[in-house]
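Peer 1: Heads up: the sequence lines are chains R and A, in that order. For the first sequence, the UniProt record's numbering begins at 1 and goes up steadily by one. For the second sequence, the UniProt record's numbering begins at 1 and goes up steadily by one.
Check before you lean on any hint, since a few could be wrong.
[As the list claims (entries may be wrong)] Derived contacts from chain R toward chain A, CB cut-off under 8 Å, selection only: (1) PRO82; (2) VAL118; (3) VAL126; (4) ARG140; (5) LEU143.
[Said to hold, decoys possible] With the C-beta cut set under 8 Å, the calculated list includes, among others, these residues of chain A facing chain R: (6) GLN4; (7) VAL5; (8) LEU8; (9) THR15; (10) ALA17; (11) TRP22; (12) ALA63; (13) ALA64; (14) ASP90; (15) LEU93; (16) ARG97; (17) LEU102; (18) ARG103; (19) THR104.
[Claimed, not checked] Beyond 12 Å from chain R on every Cβ pair, some chain A residues (computed): (20) ARG33; (21) VAL39; (22) ALA47; (23) GLU60; (24) THR68; (25) GLY113; (26) GLU116; (27) VAL117.
No lab work stands behind these hints, which were simulated from the structure alone. Keep in mind the model is a prediction, meaning the values are calculated, not measured. Just so you know, even glycine gets a beta-carbon here, dropped at the ideal spot from N, CA and C.
Each chain, letter by letter, is given below.
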Amino acid sequence: MSVSKGIDPRGPRVGASITAVLLAAVVLLGASTAGLWLLTFIMLSFVLGTLRGAEGSWQGMLFKKFVRPRLSPPGELEDRRPPRFAQGVGLFVTAVGVLLGFFGVLPAVPIAAAVAFVAAALNAVVGLCLGCEMYLLMRRAGLVRA
Amino acid sequence: MLGQVIALVVLVLGTAALGVWWSARQGAVRAPRETPVGVDWASSGIALADRVTFVQFSAEVCAACRSTSRVLGGLTRSAADVGHRELLVDDHLDLVRSLGVLRTPTVLVVDGGGQEVARMSGVVSDTQARQALSRIPAAVAEADGEGQS
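Next comes chain A alone, as it looks inside the complex (with noise of 0.2 Å):
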């Protein structure tokens, strides 16, 4: 019985520590991931944003990805310039192999020229994507227009 409970205790403190390694991930801000090539984002029927656009990655069966969903949504409409684009994994099981997504929400912050510049997994809180946001300058972007090299 002793062995039995040992493992008990061992069990029990391994998934808190699961626990709190994985809540501090959630929605975490993280530099973009290596892409060889650049993603040809209008060919899979994603409309760039002119400054930034969140492209998220979700599924029917992700829970998390429908409070994603709701503050990117808010964060957009109230930025003419920020866009947020909802893809299904089921639909473009070719661009998540591409783009190494293993998780949803997964949502990679992509600016005006199709660069992802961050990228978030894991339910995505307006603090975090606001965050994210302040990683694409503005007054660069609105300044020059479209002049960005």
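If we strip away everything but chain R, and leave its shape as in the complex, we get (with noise of 0.2 Å):
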């Protein structure tokens, strides 16, 4: 991994929109095993994306080798500390999708699904940043530190 100073501030966006599509599928499975396992593999790019930032998912390394080559050079460059805590919440999200699954309430992998949906298209679309809206709500509530 090169130490840069930044990242593109299009990747992450480009990631999250390929997110939202995967999401709005498991919503269209249903409460079904297909859209558990589904739901399961996004959590594990979360995983991904929150251990290694987003620019470290296989959706960063989609938009490095497809996308990337093919735009012109950032006007600028992106902190990597905002979209890697967007993954966090998003491996947050779905993880409850998910267990509450194996657990067998089916039911709770479509909503947990549709919540990650909201975030990840907004985040695409109007570039809507977690990071902004939720750290000082969770510092706030005493449930991260500093």
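With the hints as a guide, dock the two chains, each given alone in a separate frame, to form the complex.
Peer 2: So this is what it looks like as structure tokens:
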């Protein structure tokens, strides 16, 4: 991994749009085993993104390999911490759905996918930043430490 | 299957509506929040500029804070009596609570007397920052010097 000052801000947004499409597919699959497996796959993708940063997830790799070469260089680079925080939030939401699903509560699968879809789609389309919206609330509630 | 398709359509429409609403709120100049007591900015280590200070609450995981900081910093450099102070919410949780700050970036527009005159939250554009600035009469501050009542 190269030590860079930042990442191309378009990378996480392209990744979020791929994730949003997959989450929409989970909603279509409904409360089913197929939906549970697809959500599990998405959750594992978030594990990768949380550990390695959004640019280290497979969606980030796809962006780097196939999308970025076709774009002009980014106007400015972005800190990698905000998208990584968002990956962690995605991991939490999908993990709740996956756990409940494996304990037999299958309706939790499309519901968790729907919640994650809202965040991923808004991130992709209008640039919603979960770290901006949620970090302070979590901090105030004592859920995270600095 | 029909039920799932309907669910997805509703979800997409709801998300779109949320996106429009969220985008419209970004950086919008709003009225100040009622603060029962005046804030002692100096005791929090915040030196106010003569006319107006943008007090920006930021976090490390907040991407919009960076661009907002650039916009406000640029504006500050073009006017001597306008200041920009950026605080990390982690270091000022008490201030965050007493001022009712819920998200980052939140920018309070504070006049020379320490009174909040407007606030903005979400990414702030140059136009919005200038709009907030226009809420403080420059002429009065310049004519009176420090003689503000």
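Peer 1: So, for every hint listed, does it hold in this structure?
Peer 2: We went through each hint and held it up to the structure:
no., hint, verdict
1, PRO82, "4 Å, holds"
2, VAL118, "5 Å, holds"
3, VAL126, "5 Å, holds"
4, ARG140, "7 Å, holds"
5, LEU143, "13 Å, violated"
6, GLN4, "4 Å, holds"
7, VAL5, "7 Å, holds"
8, LEU8, "5 Å, holds"
9, THR15, "5 Å, holds"
10, ALA17, "11 Å, violated"
11, TRP22, "6 Å, holds"
12, ALA63, "4 Å, holds"
13, ALA64, "5 Å, holds"
14, ASP90, "4 Å, holds"
15, LEU93, "7 Å, holds"
16, ARG97, "7 Å, holds"
17, LEU102, "6 Å, holds"
18, ARG103, "5 Å, holds"
19, THR104, "5 Å, holds"
20, ARG33, "15 Å, holds"
21, VAL39, "18 Å, holds"
22, ALA47, "24 Å, holds"
23, GLU60, "6 Å, violated"
24, THR68, "10 Å, violated"
25, GLY113, "27 Å, holds"
26, GLU116, "18 Å, holds"
27, VAL117, "22 Å, holds"
The structure shown violates the earlier hints numbered 5, 10, 23 and 24.
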